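Trainee: Residue numbers (the working numbering), protein chains in the order written: chain A, 1 to 294; chain B, 1 to 322.
Source of the hints: derived by calculation from the structure; they are not laboratory data.
These numbers come from a predicted model, not from an experiment.
Just so you know, not all the hints are guaranteed correct.
List time: in silico PhoX-like cross-link candidates among lysine-lysine, alpha-carbon distance up to 25 Å [as the list claims (entries may be wrong)]: (1) B/K31 with A/K104; (2) A/K194 with A/K285; (3) A/K285 with B/K128; (4) A/K134 with A/K224; (5) A/K104 with B/K298; (6) A/K134 with A/K194; (7) A/K281 with B/K128; (8) A/K134 with B/K298; (9) A/K104 with A/K194.
Stretch-level coverage of chain A by chain B, calculated; a stretch enters the list once three of its residues show a Cβ under 8 Å from a Cβ in chain B [unchecked claim]: (10) 62 to 74; (11) 194 to 202.
If you want a taste of the chain A side facing chain B, the calculated C-beta under 8 Å gives, among others [stated by the list, open to error]: (12) E10; (13) A44; (14) L46; (15) G124; (16) M262; (17) V267.
For each residue, glycine too, the CB sits at the ideal point set by N, CA and C.
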Amino acid sequence: MHSRHDTLGERLFDVANYLFLTIFACVTVLPFVYIIAGSFTTEAELAARDFFIIPRDYSLAAYQYIFSSNTIFRSIGVSIFITVTGTITNLMFTLTMAYALSRKDLLGRNTIMNLVIFSMLFSGGMIPSYLVVKELGLIDSYAAVILPGAISAFNLIVIKNFFQQLPPGLEESARIDGCTEIGVLWRIVLPLSKPVIATFGLFYAVGHWNNFFSALLYLNDHTKWPLQVVLREMVMLSQLAVGDLSNMDPNFVRPPDQAVKMAVIVVGTLPILLLYPFLQKHFAKGVLLGSIKG
Amino acid sequence: METTAQANNNRKAQQPLPERQKRPWTARIKKDRWLYVLLLPGLLYFLVFKYLPMWGVLIAFQNFQPFLGFWESSWVGLDHFRNFFGNPDFVRLLRNTFILAVYDLVFFFPAPIIVALLLNEIRVGIFKRFVQTMVYVPHFISMVIVASMTYVFLTTQGGVLHALIQQLTGRSFNFLADPDWFRPLIILQIMWKETGWGTIIFLAALASVDVEQYEAAIVDGASRFQRLWHITLPAISGVISILLILRLGNFLDNGFEQIFLMTNSLNRSVADVFDTYVYFVGITQGAFSYSTAIGLFKSLVGIVLIFGSNWLAKRMGKEGLY
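Model the full structure from these sequences, guided by the hints.
Mentor: Below, the structure written as structure tokens:
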């Protein structure tokens with residue numbers, strides 16, 4: 001690739017570059033490693049030692065503690081429920097609308113596209129959105145966490161563009177065979193779109209799993225809180241002990257110690273880390289798909 | 001022998017092309033009725049959850065009382081706006097929001113560009129892929145996790161990073177409560193979380209540069225730096241300008257969740273920005289109309305910024321967004 005020798009300066013640059021990028025990669029990953037290591041050890045070791053990767057006093061005490069009551073289990077269950085139903089909802093709403101809008105001769109198409117784009121630029125804001133959800137009677141229901149984010153306008157546009165680029169011949173022949181539009185979507189278009197569905201399904205799913213604020217905003221019942229909200233309570237507010245919430249006596253709340261906090265963090269990150277290879281592959285593709293203008 | 005053009009014309013005369021039909025709109029709707037069925041859920045979603053709240057901003061001009069509802073609450077015109085601009089909090093919010101936005105632009109925005117350029121210089125493919133795999137990870141974890149990790153590392157009660165710095169400098173910094181550390185923490189957090197992922201779009205642009213250009217430059221005796229300056233940077237200038245426009249358009253948006261999580265009673269003086277203030281005043285204190293007025297003000301400034309930066313880009317000869 002380089003048909004002439006690098007100067008000394010350029011070689012030094014290379015060395016520095018490799019060094020810098022290695023440090024950067026380590027700085028990115030080492031915090032996780034430490035947290036995982038710290039969750040499997042005792043409070044004493046955490047106090048005694050500085051940064052380490054392998055614990056000396058291996059202990060499951062932190063995990064035993066956080067799973068000793070229902071709180072964490074329940075919030076994991078809630079998060080799973082919200083992620084699954086949320087993603088299905090997202091896909092149902094987004095794919096149908098994207099397909100309809102991909103038909104160029106649809107009457108009103110341009111108007112609706114402009115509506116969608118404008119909604120990306122201006123919004124009513126937090127309070128009006130909250131009031132709408134309140135008026136619909138959805139406060140304290142999971143619908144409040146799932147419905148307001150049902151369609152991401154950006155995802156909608158990218159998927160619509162994807163549908164537009166499918167060969168029109170397939171759709172024609174299906175129509176001639178007597179398929180309705182819904183049949184065309186279900187039998188022809190969707191099976192062809194599996195990578196796109198996987199990519200955006202993952203986008204939506206990760207968003208649901210990581211969702212914190214709308215749950216905090218709309219869910220007043222502590223037993224309905226997903227994992228991220230409970231996580232924040234335990235680690236950052238140190239108010240929520242792992243105990244029976246309904247009978248919580250403030251005098252008996254024991255502020256969680258470092259190992260326990262680390263264990264909760266690990267639990268909150270685990271699914272993401274486990275799915276990481278899939279996520280990396282599909283998300284990168286999605287970014288590139290979306291970055292192609294038009 | 002008819003020419004192709006004539007043949008095409010004949011074909012057109014025999015069957016109307018689907019894209020150019022002039023049928024009455026009732027017939028078109030009837031033909032596409034199932035498409036409208038498919039369209040309906042999404043359309044309803046936008047109308048209810050996006051456009052209905054837009055009308056909700058009108059409560060900024062009311063003295064909105066929830067039990068009275070929209071139609072019965074009294075109208076107060078621009079009172080809330082007047083109160084807000086006269087409130088000393090306004091200057092504080094403006095300052096905090098603006099400074100954080102500038103920090104973000106100055107420190108965070110160039111970071112993925114620089115890292116992408118550095119990665120581009122790596123010739124060992126395995127190393128490059130290894131680094132990429134590592135640095136993408138923080139993008140996928142939630143802000144709650146990032147903030148929680150920050151707390152675990154920096155707490156004065158046993159945080160390992162805090163202890164380390166204490167050993168090195170002899171001083172105990174209360175990173176989490178000290179207002180002086182709030183802004184650096186926010187920027188460092190976002191850089192840690194999103195720099196790696198942000199390189200994707202630049203690496204894609206860099207990969208599309210014609211290799212022959214580089215080879216020709218080498219033949220002409222160009223140094224690495226000269227190749228960078230004359231070939232690489234122009235290649236990504238388009239992407240940079242588009243992202244810059246987007247960033248400027250969102251200038252006053254500070255990443256609500258991150259700031260919300262890192263705000264506490266001790267650093268409020270620098271941590272309060274428009275978005276979090278709207279939450280605190282509106283939701284926790286119930287001042288619906290007042291906070292909506294603040295939110296409306298910010299949205300309007302945002303629109304001006306978006307169209308302004310878009311216009312600016314077009315003036316400079318770059319492609320805009322619209």
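Trainee: Could you check the structure against the hints above and give me the numbers of any it violates, in ascending order?
Mentor: Violated hints (numbers, rising): 5, 6, 10, 11, 13 and 17; every other hint is consistent with the structure.
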